[in-house]
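Trainee: Residue strings, one per chain:
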Amino acid sequence: MRALSTTRVLLIVLAVAVVAAFLPFWFSGYILGLLTLAYYFGVFAMAWDLLFGFAGEVNFGPTFLIGTGAYTAGILDNLYQPPIAVCLVAGALAAVAGGVILALPALRVRGPYFGLTTLVAVLMLQNFIVVDASLTGGEIGLTVPDVISVSDATNYEIALWFMAASAAILFSLSRSPVGLILQASGQDAVQAGALGFNVTKHKLAAFIISAFFSGLAGGLLIFYLGSASVGTLVDITVGVQIIIAAVLGGRRTILGAVLGAVFLIAMSEALRPLGDLSNFVVSALALVVVLLFPSGLLGLLTRSRETV
Amino acid sequence: MADARLDVAGLTKRYGGLVAVKEMSLRVEAGKILGLIGPNGSGKSTVMKLIMGIERPDAGSVRVGGTDVAGWPSHKIARLGVGIVFQHSRPLHRQTVLENIKLALLPDRLTRLLADPETDARARAIAARVGLSEVADRYPSTLAFAHLRKIEIAKAIARDPQVLLIDEPFAGLTMTETSAFSDLICELRDDGRAVLLVDHNVKSVARMVDRVLAMYVGERIAEGTADEVMRDETVRRVYLGGSLETAARPESTFRDGTTPFLDVRNVGVQYGKAQALDGVSIHVHAGEFVSVVGLNGAGKTTLFNAISGLLPYSGEIRREGQPLRGRSAARIARDGIVQCSEGRDLFTGMSVRENLDLGGQHLPPADSGRQIEWLFGLFPILRERQRQAAGTLSGGEQQMLTIARALMMKPKLLILDEPTLGLAPVILEQISKALERLRQTTPISVLLGEQNVTFALPHADRVYVLEHARIVWEGEPERFAAEAGTGYL
Amino acid sequence: MRKGQNRAISAAFGASAAVLAIILASPVQAQTKAPIKIGVIAEAQAVAGSSIPQAAQLAAEELNAAGGVDGRKVEIVSYDNHSSAAESVRAFQRAANEDHVNAVIASYISEVVLALEPWTGRLKTVMVSPGAASDVITQNIAKDYSHLKYTFHGYLRSTSLAQQVCAAAKELLVDQLKMKSAVVVSEDAAWTTPLDAEYLKCLPTIGLHVLDHIRFSPDTTDFTPIFNKIEAQKPDVMITGISHVGVQPTVQWKQQQVPIPMLGISSQATNSSFWNDTNGATEGVLYQGVSGPDVAVTPKTLPFVAAFKKKFGNFPSYAGYTAYDEVFYIADAIKRAGSTDPDKLVVALEATDYVGTIGRVQFTGKDSPNPHALKVGPDTITGLMLQWQGGKQVNLWPAKVANGKLKFPKFIKVGAADR
Amino acid sequence: MLFWQILIDGFAISSLYALGAMGFALIFGVSGVLNLSHGALMVAAVVAAWAAGNDLHVGPYVGAALGVFVGFAASLITYFLIVRPLQQSRKIREEEREIFILTATLLWGIMIQELIAYLYTNNAKTVAPIVEGVVSLAGVRTPSNEIFTAVVCWLAIGLLWLLVNRTRAGKAVLAASMNPRGVTLLGVELSQVYIVIWAIYGVLAGIAGVLLGMFLGVSSYSVGPLTASAFSIVVLGGLGSVSGALIAAYVVGYLETLTAYLISPAYRTIPALLLLVIVIYVSPRGLLGRR
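Chains as they are written, first to last, in our numbering: chain A, 67 to 374; chain B, 20 to 508; chain C, 51 to 469; chain D, 10 to 300.
Keep in mind the hints are simulated off the structure, nothing from the lab.
There could be a bad hint or two in this list.
Mimicking SDA-like on lysine to any residue, the simulated pairs with C-alpha atoms at most 25 angstroms apart in a straight line are [as the list claims (entries may be wrong)]: (1) B:K429 with D:N188; (2) C:K284 with D:V149; (3) C:K385 with C:T348; (4) C:K463 with D:N188; (5) C:K460 with D:N188; (6) D:K100 with A:D254; (7) D:K100 with A:L363; (8) B:K95 with A:V166; (9) C:K442 with D:E141.
Covered, in the sense of this in silico footprint (three residues per stretch, anywhere, with C-beta under 8 angstroms from a C-beta of chain D), are these stretches of chain A [what the hints assert, rightly or not]: (10) 304–314; (11) 343–356.
For clarity, every value in this text was computed on a predicted model and none was experimentally measured.
Note that the Cβ used here is the ideal one computed from N, Cα and C, for glycine as well.
Extracted from the complex, chain A is given alone in its bound form (with noise of 0.2 angstroms):
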């Protein structure tokens, strides 16, 4: 992985996207669907990477941007039926806001003390929305009158062009000049400062990037589903699986956390003819996994010289 160029891994990232791209000749709608929705988590958790892994920000409310951005662009359709483009750009720079917001206290508390905020900001949306139904369908869904296309095909191409042009800009922006001092902040704030760098500004600019790409891929994600619901989009263990898809993926590398998300369904797919307890092996394979290999896949395939 790090002996490869970065253009190198875009190129490479742009070939599987095109072998990608002619899967729906081979596959079913069904697994198209699959992937879809494992493409658009690939991007939450890629979003979620750039915090964590490079600005160091340990931010367990992932879905707090996710949702903003995907209900700003839901209860917009709803009230007033723009075209969706418009809603997806309205949700996308809400979810800036949020994560503007979500920033304030990370850059004056530290550690587990963030965590808590935005933990305690997932909560919060979670009232509002549920409390605020008549608005956001509350408890068990909103509902949009349009979706982008009822095609699998087109769906999963838009998905995975979408997570593809993603990985691109979150993978070459960690690999450039300002994820390096995006990452030396993370590690070493008060170094970082020594050596000239405004640690804030680019920790807000991190948080104002993994904001919009959340919020952007929540609002696809409802226009693709139909449907925005808290149990889908906002609830905590959504966000904890984003984490997961991350960790699985091999932390600090962007691109894991698509394998990561693709894994998730991959498994979730495999173990369907348990029925209900398929959620209970999915987490127990999660489990194992980040017990046994903390590194996670992508660290299990290129063996990362990084040592303790």
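Given the structure of chain A, go ahead and fit chains B, C and D onto it with the hints provided.
Mentor: This is chains B, C and D only, laid out in the frame that chain A set:
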């Protein structure tokens, strides 16, 4: 006057009631090196952090090239031309050495998605300058400790700072590495930079510095050339104490012969890449009082923690001939090797009595009561303070409680790590008396680690000097001043 | 029935449905024709939802034992939606695109059905809901008939439910016990909005003065403040609209000995296991139902209950009855349409006239303000008012199928004093 | 009247919160572990007590005891299976250990939750109460069970206090929560202290769970909210401070009750969350935090 690159005046920093730095003033001109020395806790590192903007000063000015930067955020101070070399190196592990250097060359802009093409060449030039050329494309985790220190220097000089702050430049380096390192620092000075070196003692920086400023408990105590400072009476008293009276018992009087009570053989400890202990061998006989003197950072605490089973180590540590490796720290303590750690590790929310009871919890209640009575005799103040929470005691009382709590365990060997740290002379007197009584009236062996020689020598039967992770001298206390004293400053 | 909603993404990702194997001794000739596939999307972990696939399965087996539909076997494909709208959408897509089902029976949660409704039009797949109640489902059809005509509401609308509650309350409470005042208390959900509106309209007409109208979050766990607030207003009865919650308000009602009876919709109370779930606290609770275990609403009711109990070991939930009937009338419609073409199937379903376990099933016409809703009334479906008494569900209304008398636990003060 | 009502109801619910959160705080204080499977352990205890009554037909006392035992056993399993391997793993960097423990305990909680939903559905369960009926307190009709809940909570808190302050093992635990290194230097095996605190924690969570099951009832969906409430109480009280958790539990309990009575039950949790945000922002150490 006008060409002082760094001009600090009246700098003050308080943490709550504690004054860490009091009205410090110092000046460094271009092309000069100022050594800022002081024992542990003297506030020298705080001064450095205040200059860099990592901490905010409560009062005073910090002028860099004429601009007062006191209270600025550190990235702005850095951009004004101040660089710092931290004592601990934390390079980015997933980036090569070159990339680590490039990082420091990057502009602080969010829009910079591609590095300037010349960045690479500049980074290579800096790597060559500090002697990292051969390893430029390797990962930090594969490098030796000295290389990691050089990465820090490389990062600090990447922006071509006019003022360079260096914290403990030689900590963890070998002799040859030290000399290569000081050559490098001298070259940086010859470029016309103002350099502030922060270290524990004069000796280590004497060869390079133009002037030395000595600090003690937040205040300046002396300033001048290295020689002047070394001859200064106040400095000598701070480092070496006054006249030394010793009352050593010859080693031959301890009758356990070839298997001493504690036998540390060729022990090494590594913290990451840094060698914290290197081939250290010491021994303590049953009933003997042994002092290990050394400056802060020499490795005393590491040695004691290895003995107490708190750290993994190489080599062998034996107690009465039996290896200690594999026993848990708690087991070692229960078996009678008890440490009073530097941080004291008291249960601050509990009363004095409760702390003592916890020390005696392995004893039958009757024994425990008797032991407490004995200790109240040794430290009468603790009897008065019985019901008070440990956290509310004064520093000296806390130290007495720490020792008393350890003695509640009826130890065979008592390890005392820097018991004098931050204590007033009156208190030292009391603790000193208690230790002497312990030595006279009990068969307990004591292993004392100190940088305060005045405190360490009077009771000692034998003394070791620990310097840069190695034992450099061993002998009777009366020989210390003549043979090891000067090197200690 | 769901709160906090801890949903594993793995679940969110896929309809992790267990496809129930349908292997029956089948006549050889039937296998030459492709089976009729009916998808069932339900909440397998919820009591009300778990009866849906079971009842559908039972119906399919009975149909197949009788030779199937024109020699075609009926096959049930079931999906667990984990009570989530998004997962239901996934399951619906899978059912339509992957498993090519001919019709879908989906969910007792209104929000789920509302989320699926646009997909019935998008994927041109017929869907019948066995248990959702919201009037919005059918109002939507009226607004966009050509697109949403594939949705059928196979359970009573909230408005109809409220009307039945009012009718029962008039006989049982006003006429018999001379009650005068009520407080409406409902959970905040899509289905209770029209329910409450109808309550507020019809209760005064039967002589119950509505003192207050309380809506609470389905997340509520501590009902003490709500009961206290109601009690302070001294109503004669609480008229309820609860489905997602059930056990907790009932248990706390008993524990705090709130002296006011509860009557209305309490979906969880329709389940036979409710007595155990509440440790008997449900004693005296009055709830509307479309059927009861010992109530012969139609000649088909009791045989169905017996067969269900024999096969699955418990009694069906209210959505079990409707799901059972739905399999039969979907099969019937396919037979009449002579095709599984969705548009022809819609026409055939609209003409449904089928006597099932809960009454006579007929759908309202496409010109009605609520197209594709169940018709209610003495000739079609009347509904029941039951009460938990000593661990049994006893029917009190309508009188002709009643099998018990109104009876309250001691702490309830009925008609007590001069309120 | 309303005043007494709020006072009594708030007291009962606060006592429950306190009991649930104290063990959580103890664990964090001694070992720095935030156990996010907390809610799952409590629900497991409730479901065990419920199932014992329904399936095994045992009396309420035996059922409750069984529930508490399940809480105790589940807690120790959590420690040995999940937490200890992660604490001792050398593959994980020190600064990342925290997120690994959080992730793993959360996964573990989800596993327990899914298993419960699978075996016993996600319907709410209530444990058959040990005492029934109502009594009148200051003119407020109060269920005896509510009083019982408060009494048992305070008995358990009192016992915990005695254990910690009056026994040698308890003293060692308390000392370890202040300074883990200090007790090692005094010859106390931290690994044994950990086992003791996880055992205490399990019993407390079990009792709190069973009481909650009798008082309000829980379902498998309660897992997340229960963890979150313990978490916010412990943060509000100051991470690791057991007495802080006790005080914070009453602050949160009364704030919730006041909101429920005076504003609306729907907004019940919101003021407490707002308070939490403010406290974290103004004083990240919480009301009585040490770290």
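Trainee: Against each hint, give a clear statement of whether it holds in the structure.
Mentor: We went through each hint and held it up to the structure:
no. : hint               : in the structure
1   : B:K429 with D:N188 : holds (21 angstroms)
2   : C:K284 with D:V149 : holds (15 angstroms)
3   : C:K385 with C:T348 : holds (23 angstroms)
4   : C:K463 with D:N188 : violated (59 angstroms)
5   : C:K460 with D:N188 : violated (57 angstroms)
6   : D:K100 with A:D254 : holds (21 angstroms)
7   : D:K100 with A:L363 : holds (14 angstroms)
8   : B:K95 with A:V166  : holds (23 angstroms)
9   : C:K442 with D:E141 : holds (22 angstroms)
10  : 304–314            : holds (count 4)
11  : 343–356            : holds (count 8)
Hint compliance for this structure: hints 4, 5 are broken, all remaining hints hold.
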